[in-house]
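Undergrad: Each chain, written out:
Protein chains: 2
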Amino acid sequence: MSTEAKTPETKAKLQLDTVDHVAVSVKNVQETVEWYSKNFDCTVKYQDETWGLVEFANIRLAFVLPEQHPPHFALLGDPAKYGEPKTHRDGTRSVYVKDPSGNNIEILALK
Amino acid sequence: MSTEAKTPETKAKLQLDTVDHVAVSVKNVQETVEWYSKNFDCTVKYQDETWGLVEFANIRLAFVLPEQHPPHFALLGDPAKYGEPKTHRDGTRSVYVKDPSGNNIEILALK
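In the order they appear, the protein sequences are chains Z and W.
Under numbering that gives the first Met the number 0, the first residue of the first sequence carries the number 0, and numbering increases by one thereafter.
Under numbering that gives the first Met the number 0, the first residue of the second sequence carries the number 0, and numbering increases by one thereafter.
Any given hint could turn out to be false.
To be verified - Computed list of lysine-lysine pairs in BS3-like fashion (alpha-carbon distance at most 30 Å, straight line):
(1) W:K26 / Z:K44
(2) W:K26 / Z:K97
(3) Z:K44 / Z:K26
(4) W:K80 / Z:K37
(5) Z:K26 / W:K97
(6) Z:K44 / W:K80
(7) W:K26 / W:K44
(8) Z:K37 / W:K110
To be clear, the hints were calculated from the coordinates, so they are not data collected in a lab.
Only a predicted model underlies this, so the values are computations on that prediction, with no experimental measurement involved.
Build the full structure now, drawing on both the sequences and the hints.
TA: This is how it looks when you write it as structure tokens:
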């Protein structure tokens, strides 16, 4: 039997956290970027041999090789709340945490 | 060596497709919904024993049991372009397709 959430929260959308990107494991970055570009309306933001980034209207998809990056999604927030942030080449900072099922969540602070 | 996309597309954001939700496999829906609600600013839209739906500022996350739904993400579009749509209880229609790496994409038409 379904039960609607008993304590519905009514936060305005502006108060909610933002999912910056979802990283999806792929076998071949170039093939994947071409396939998504052909089938959907999206913009290629970056690609090299090891990963690609494609922008949709509301979110970005990152295509990653599983040996380079784990599948994950990234939430904008303060990574220092969760550990020692790693600073990336582009100046962003992040920490990875796991949800109770072991899914990887990157807590990401933009510059 | 990185190579920026050679033919950058400059579609306006309004022209881009929208990712409606990302479905993440979890072990226990209630535990997961509680964990995300405690750690992040998000709104619980639905939950029962078999799946949950949590809204962030720009996208919704669905928490699914792997034996009930495959992990996937959903793009708003016309499912009939891809096959025979299945009509769901809430009136939405969708078709599942796979990208070249076997990732599941739900092409979803809202009511």
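Undergrad: Against the 30 Å threshold, does the CA-CA distance of K44 (chain Z) and K80 (chain W) hold or violate the hint?
TA: holds, 26 Å
Undergrad: Is the Cα-Cα distance between K26 (chain W) and K44 (chain Z) 30 Å or less?
TA: It is violated: about 34 Å lies between the C-alpha atoms, which goes past 30 Å.
Undergrad: Can you confirm whether the C-alpha distance between K44 (chain Z) and K26 (chain Z) stays at or below 30 Å?
TA: holds, 19 Å
Undergrad: Is the Cα-Cα distance between K26 (chain W) and K97 (chain Z) 30 Å or less?
TA: The given pair, whose Cα atoms are some 13 Å apart, holds under the 30 Å limit.
Undergrad: Check whether the Cα positions of K26 (chain Z) and K97 (chain W) lie no farther apart than 30 Å.
TA: holds, 13 Å
Undergrad: Given the hint that K26 (chain W) pairs with K44 (chain W), test it: the Cα-Cα distance must not exceed 30 Å.
TA: With a Cα-Cα distance of about 19 Å, the restraint between K26 (chain W) and K44 (chain W) holds, given a limit of 30 Å.
Undergrad: Holds or violated: K80 (chain W) and K37 (chain Z), Cα atoms, limit 30 Å.
TA: holds, 14 Å
Undergrad: Straight-line Cα separation of K37 (chain Z) and K110 (chain W) no greater than 30 Å?
TA: holds, 26 Å
The structure fails hint 1 only (numbered hints given earlier).
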